[in-house]
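Chains Y and A are the protein sequences, given in the same order.
Each residue of the first sequence is one higher than the last, beginning at 449 in our numbering.
Each residue of the second sequence is one higher than the last, beginning at 528 in our numbering.
Certain hints may be false.
To be verified - Output of the computed footprint for chain Y on chain A, the stretches with three or more beta carbons under 8 angstroms from beta carbons of chain Y:
hint: 1; segment: 581 to 592
hint: 2; segment: 608 to 618
hint: 3; segment: 637 to 644
Source of the hints: derived by calculation from the structure; they are not laboratory data.
All C-beta atoms in this analysis are idealised placements derived from N, C-alpha and C, irrespective of residue type, glycine included.
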Amino acid sequence: MNIFKLTYLSLKNLFRNSRRTLITVLVSSSGFAALAIVSGYMDFTFYGLKELTICKGFTSGGGNGHIELFNKDYALKEEHYPLEYGISEYQTLQSCIETDKNVIATIPRIEFNGLISNGDKSISFLGTGIEPKKEIMLIKYWNNLSAVTNKDKIVNTPIEKLYNNSDNSVLLGEEMAKVLDAKPGSDLMLMSTTVDGAVNVVDVTVAGISKNPMKSIDRYYLVTNLKTAQNLLQTDKISKIVLVLNSTDKTNSEIPLIANIINRKYNQSLFTILPWHKNAEYYQSIRDAYNIIFSFTGIIVVVIVFLSCTNTMLMATMERVREIGVMKAIGISNSWITLMFLIEGFFIGLFSIVFGMVLKYIFSSIINNIGFNMPPPPGMSMTYILQIFSASQYLPWISILVIISTTFSGLISVRRIKNISIVSSLTHV
Amino acid sequence: MKDNQIIAQLIDVSKYYGVGAARYEALNKINLTFYRSDITLIEGNSGSGKSTLLHLLGCIDKQDEGRIIIDGKDTTNISLEQLASVRLEKIGFVFQSFNLIPVLTAYENVELPLLFNNTDKNIIKHKVYDVLNKVGLLDLKSHYPRELSGGQQQRVAIARALVGNPSLILADEPTANLDSKTGSEILDLFTSLNSNDGITIIISSHDTVVLERINTVVKLRDGKLVYTNIRNNTYTV
Chain Y
449 MNIFKLTYLS LKNLFRNSRR TLITVLVSSS GFAALAIVSG YMDFTFYGLK ELTICKGFTS
509 GGGNGHIELF NKDYALKEEH YPLEYGISEY QTLQSCIETD KNVIATIPRI EFNGLISNGD
569 KSISFLGTGI EPKKEIMLIK YWNNLSAVTN KDKIVNTPIE KLYNNSDNSV LLGEEMAKVL
629 DAKPGSDLML MSTTVDGAVN VVDVTVAGIS KNPMKSIDRY YLVTNLKTAQ NLLQTDKISK
689 IVLVLNSTDK TNSEIPLIAN IINRKYNQSL FTILPWHKNA EYYQSIRDAY NIIFSFTGII
749 VVVIVFLSCT NTMLMATMER VREIGVMKAI GISNSWITLM FLIEGFFIGL FSIVFGMVLK
809 YIFSSIINNI GFNMPPPPGM SMTYILQIFS ASQYLPWISI LVIISTTFSG LISVRRIKNI
869 SIVSSLTHV
Chain A
528 MKDNQIIAQL IDVSKYYGVG AARYEALNKI NLTFYRSDIT LIEGNSGSGK STLLHLLGCI
588 DKQDEGRIII DGKDTTNISL EQLASVRLEK IGFVFQSFNL IPVLTAYENV ELPLLFNNTD
648 KNIIKHKVYD VLNKVGLLDL KSHYPRELSG GQQQRVAIAR ALVGNPSLIL ADEPTANLDS
708 KTGSEILDLF TSLNSNDGIT IIISSHDTVV LERINTVVKL RDGKLVYTNI RNNTYTV
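All chains, full assembly: derive it from the sequences and hints.
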């Protein structure tokens with residue numbers, strides 16, 4: 449049997465009831481478009497989540513940057529005193545790393561804790577010491593991302609207030625400020641343990657208030673200048689260096705290059721070089737949750753497409769009982785007749801993919817140009833403009849899913865075909 | 528055209544429908560022999576078992592008792608796939624309602640059996656043209672069934688039955704849905720195919736006009752054989 453002839457027969461049967469075929473193709477192509485758009489939305493959401501994690505982060509420590517550089521023992525051992533496993537002479541290390549053309553900034557940070565007091569009340573804080581002019585590079589990186597529109601750009605951040613004030617300035621979380629009854633300009637005291645184990649106090653002034661979406665972080669949030677933190681802890685070390693690259697896609701390829709650079713200058717085994725996603729548990733858990741939601745949505749869409757095509761195939765079988773009986777009477781086996789129906793289902797899938805691509809393009813363009821403002825994702829305070837990415841890496845898989853759905857919807861008819869009695873089918877009306 | 532070769536045999540064939548008290552005997556212990564190149568009429572009133580007999584001979588139904596041998600092949604205990612092969616290679620069926628595939632042209636309808644019986648694709652066109660010419664419809668090969676008259680559709684059905692060079696053509700009430708003039712033309716066609724090409728034809732009909740064109744008669748009543756006149760050897764039950 450010539451498969452092309454069977455395909456020709458299948459196509460002719462497909463177009464004999466063109467209205468029904470059209471409706472089935474429309475349903476399947478809508479399913480394809482829905483899956484493709486959801487994939488594009490998923491891609492955009494994960495992209496935004498990823499870049500926000502890199503630029504802003506979900507904790508009080510700021511964005512992860514693309515790569516973090518620690519003392520090797522920092523993550524492995526408990527410190528007996530602050531910055532026991534910090535990085536010393538970090539400026540030399542920064543200069544070294546900044547020779548890599550893909551590194552646009554190296555950001556030193558100190559993570560420390562202690563008590564903050566307004567004279568009447570003392571509460572604990574989780575603090576980060578930063579160099580504001582370096583931290584602003586992360587914000588510039590975000591604002592330069594091509595997927596970010598003007599409405600999504602970060603402007604007038606509290607960090608800029610820190611940058612514009614004296615060294616002994618702090619940013620407080622909104623909840624912390626409420627507890628301390630503090631506002632910009634208020635004088636407070638920071639207390640902590642130095643590297644020698646002594647207690648030290650530093651006077652600071654509130655430069656700004658930062659509202660964090662998570663109250664648990666907001667309650668303990670404090671950011672100050674690197675020098676203030678070093679002054680408080682009586683050290684010149686830092687906790688880590690955060691590297692900002694010119695593209696997130698280069699993260700994995702940059703790690704061995706950074707390692708080589710460090711190795712040329714230092715003993716590489718002194719440092720741990722960590723890509724951003726290894727230290728982003730909150731991002732991973734949000735991503736996992738979204739994956740489940742999107743997968744579930746995808747399954748529902750596929751089931752709808754399958755059921756729609758199954759209905760079409762069953763209707764076609766019902767209408768062609770006599771014809772199937774005649775084909776059997778001529779001597780055409782059940783297998784060939786079944787194959788014919790499977791080919792019909794396959795072509796419905798093929799047409800659905802083509803129309804689906806067109807629908808996807810049309811609706812994506814409309815959505816991308818309208819500018820829907822989406823609510824902030826969990827753990828974030830920023831809204832964002834809805835974008836649908838092309839998600840071309842998912843399109844082959846979606847196509848396969850649709851083809852499988854439509855082709856195997858014909859299998860439901862197989863049993864029916866097999867059970868059709870030739871004699872009774874010849875008199876079927 | 529006479530030939531002594533047996534083309535089909537029914538040996539103690541019975542067919543029942545229903546179960547228990549509702550059981551109905553469509554055929555009861557039928558013994559028949561058909562010879563190559565004969566044209567045979569299976570005659571009887573409505574409900575006599577003509578169509579059932581033809582369906583069993585055509586392997587589109589299975590007997591409950593007895594054996595059926597088609598061109599030397601015992602079809603009694605073979606699988607459904609093998610039965611399909613027998614139908615494809617040895618039998619051509621012409622139905623009362625023509626039963627052409629509506630989405631295919633006359634040419635494509637006739638070509639259909641050849642696509643499935645491993646005929647060399649280089650000779651398919653030649654064979655289809657040949658049979659369409661025999662039935663006088665070569666000029667209408669590109670027409671769809673809806674564009675053909677009843678008689679023309681039946682001719683296409685006959686061409687489809689012929690195209691695979693079957694051992695046997697079975698025609699179940701082929702003129703029932705046609706007017707008398709057209710029916711007569713169809714019967715003339717059958718006669719011509721039998722006398723000119725030696726094609727073995729078995730026709731079931733209650734139309735006595737068919738009697739004028741055949742050389743063998745089998746008469747059924749209530750599922751039983753009552754009379755045969757196979758090559759003028761008369762047998763009455």
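Against the structure, the hints come out as follows:
Evaluation of the coverage hint for the segment 581 to 592 of chain A: fulfilled, as 4 residues show C-beta separations to chain Y shorter than 8 angstroms, against a requirement of three. Using a Cβ-Cβ cut-off of 8 angstroms, 8 residues of the segment 608 to 618 of chain A lie near chain Y, which meets the minimum of three, so the contact claim holds. Here the segment 637 to 644 of chain A counts 5 residues with a CB under 8 angstroms from a CB of chain Y, which clears the bar of 3, and the coverage holds.
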